[in-house]
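Here is how the chains run, residue by residue.
Protein chains: 2
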Amino acid sequence: MFPVFQTSILGSSAATPTSERHTSAQLLMHHNKFFLLDCAEGTQMQLRRFRMPLMKVNHIFITHLHGDHYLGLPGLIFSYHLLGRKHDLHVYSPPGLEEIIGLHYRVSQLRPSYEVHFHEVGEHEQELYQDKQLSIKAIAMEHRIPTFGFLFSEKERERKIIKENIKKYRIPYQKMPMIKKGEDLELDNRQIVPNREITFDPPPPRSYAYCSDTHYTESFLGMIRGADLLYHEATFLHDKAEVAREKMHSTTVEAATLAKKAGVKQLLLGHYSARYKDMELFREEARAVFPQTLLAEEGMVVTVGPQPG
Amino acid sequence: MFPVFQTSILGSSAATPTSERHTSAQLLMHHNKFFLLDCAEGTQMQLRRFRMPLMKVNHIFITHLHGDHYLGLPGLIFSYHLLGRKHDLHVYSPPGLEEIIGLHYRVSQLRPSYEVHFHEVGEHEQELYQDKQLSIKAIAMEHRIPTFGFLFSEKERERKIIKENIKKYRIPYQKMPMIKKGEDLELDNRQIVPNREITFDPPPPRSYAYCSDTHYTESFLGMIRGADLLYHEATFLHDKAEVAREKMHSTTVEAATLAKKAGVKQLLLGHYSARYKDMELFREEARAVFPQTLLAEEGMVVTVGPQPG
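From first to last, the protein sequence lines stand for chains A and B.
Numbering follows our numbering, with no gaps: position 10 of the first sequence is 10.
Numbering follows our numbering, with no gaps: position 36 of the second sequence is 36.
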């Protein structure tokens, strides 16, 4: 089975919301796990609006402590409490968030009914999470305050045994794990059946790099190289490259250039300045440099890697 | 002219938002001034959604520091900064809010481009604001943490001089201010024209009492007596009176009973628990006790006092 790996856009606006767009948040689904990427004001309402499994989020990754990336977190934490959540919540962010949330607890004289674990992100390539299938690492961005993107990488999967061969060679159950790892099969008559003849390649591991907010930099090119999907902020059209530099944000062309240099398979733009109404120029400018570009918009679901089926 | 006096509902849900309802906020308009009452998460989006004059709000009144009443404030303050606001903002709340907002400034390394003045509310009947036409006072609620409602009272207006009498008695310009205050007119021949003959009554001053969150109490009955409009929280239907007592909230019947005892002209219910989908029973239960009951819902505009015209 090819596990589901997709991200749902909850907010695509930079800095301030508009009447059309919310500020940054995405819900990443991998297999049966849900990860929240940034949690701007209104994220809990967006999760409800799009009928997403609010309660199944156990890990929240906050890139940095500008309001448009975390101001929905206190409300979400309180709502979980009021909804009777019992299972732990893990929050990953640059330092400072635990103090903020703690102060909100104190003034409201409320402590959640469940444990919230705060994990400080402070280092490039720091591994923040792993399970059997997935690993999540921090990617250092270059922004006005400490900021980290996140790389979601599937682990190498085991080889699949071709069904007919199980009968044909009477492969014993105990030998299967090693065959799946790539070992050849030794038959009772000492004959060797090469692994390649009885297995097929697993689907290649997929990866998603979430990079926001940052000015143009190639400093993390190594980490995102070949990613199936790169989300990169594009706050401005390219005629505002000067403003972008000043505010340590990126333009369409810069995001697309990085996607091209990193050889990613698909680019997803977002974090648009509230000044833009019509997004067509974003698409045009980016696609001129990197044709496989998508524009994030609220409610959109983007699959990481080849479409299943 | 009868100045506009109305409140617009931005959120009607208690504690947690639902897919239909936001948590507490109202925009009160009096003449050409705008006041925000509570500022839950998403309030800035609701103001945009209903095309309300975001930038014209200069005074924000926060009843208490439970998340569902103030978590939209940091985002609104940051958005004002990003939108280039220059004029002062006044925020009134029980103690603690300045520390919270200050911490958000610190972690984001952002300070607004305009002045935010925090005013601590700590006393029943404390006058928080006044202008030529309006006075705003704190009303002590009884809730789990320090909580204050707000009473918006128009000042007594001057008497109106009946137009025809100005010509008939050749009332000199200099005498008008005193006549408007109720003085009789002395003619050149020493004859006295009683004030009542040359003026008519101004419209009676109107008042709006915003009471949330609180359990049932008659402790502030004196302050809200005869109000044109009373907003009173009704978190639960009356079969949950026990739960309401425990959590220091009110039921439909309790809110309606208070409205009746206080002799207010109209009651507006809101702050409904997220458990309720169909609001019809709220209307029925409250109207059985106090027929002039309205139910708050997002986007609704309620006029304080008699309908103009």
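Hints were generated in silico from the structure; no laboratory data involved.
As the structure is a computational prediction, the values presented were derived from the model and not from experiment.
Treat the hints with care, as some may be off.
Each pair may be met inside one copy or between any two copies, as identical chains are not told apart.
As the list claims (entries may be wrong) - Derived pair list, reagent style PhoX-like, types lysine-lysine, alpha-carbon separation capped at 25 Å: (1) Lys265 <-> Lys168; (2) Lys260 <-> Lys86; (3) Lys56 <-> Lys277; (4) Lys175 <-> Lys86; (5) Lys240 <-> Lys180; (6) Lys265 <-> Lys180; (7) Lys163 <-> Lys265; (8) Lys167 <-> Lys277; (9) Lys181 <-> Lys247; (10) Lys56 <-> Lys265; (11) Lys180 <-> Lys56; (12) Lys86 <-> Lys247; (13) Lys168 <-> Lys180; (14) Lys132 <-> Lys277; (15) Lys277 <-> Lys181; (16) Lys277 <-> Lys240; (17) Lys261 <-> Lys247.
Homo-oligomer pair classification [Lys168, Lys265; C-alpha up to 25 Å]:
Close neither inside one copy (39 Å) nor across copies (87 Å); limit 25 Å.
Is it within, between, both or neither when you check Lys56 against Lys265 at 25 Å Cα-Cα?
So Lys56 and Lys265 fail the 25 Å test inside a copy (29 Å) and across (47 Å) alike.
Is the C-alpha distance from Lys261 to Lys247 at most 25 Å within one copy, between copies, in both cases, or in neither?
Intra 23 Å, inter 58 Å, cutoff 25 Å: intra-copy only.
If the cut is 25 Å between Cα atoms, do Lys86 and Lys247 qualify within a copy, between copies, both or neither?
Between copies only: 20 Å across chains, 41 Å inside a chain, cut-off 25 Å.
Please sort Lys277 with Lys181 into within, between, both or neither, judging by C-alpha distance up to 25 Å.
Result: close neither inside a copy nor across copies, 52 Å intra and 53 Å inter.
Status of Lys56 relative to Lys180 across identical chains (alpha carbons, at most 25 Å):
neither (31 Å within a copy, 67 Å between copies)
Alpha-carbon proximity context of Lys240 and Lys180, limit 25 Å
neither (52 Å within a copy, 59 Å between copies)
When Cα atoms must be at most 25 Å apart, do Lys175 and Lys86 count as within-copy, between-copy, both, or neither?
neither (41 Å within a copy, 73 Å between copies)
What label fits Lys181 with Lys247 when the C-alpha limit is 25 Å: within, between, both, or neither?
neither (49 Å within a copy, 58 Å between copies)
Lys168 and Lys180: within-copy, between-copy, both or neither at 25 Å Cα
Within one copy, since 17 Å is at most 25 Å while 108 Å is not.
Indicate which option fits the pair Lys265, Lys180 if close means a Cα-Cα distance not exceeding 25 Å: within, between, both or neither.
neither (28 Å within a copy, 78 Å between copies)
Within a copy, between copies, both or neither: where do Lys260 and Lys86 come within 25 Å Cα-Cα?
Cα proximity of Lys260 and Lys86: none, with 44 Å in one copy and 42 Å across.
Consistency with the previously given hints fails for numbers 1, 2, 4, 5, 6, 7, 8, 9, 10, 11, 14, 15, ordered from lowest to highest.
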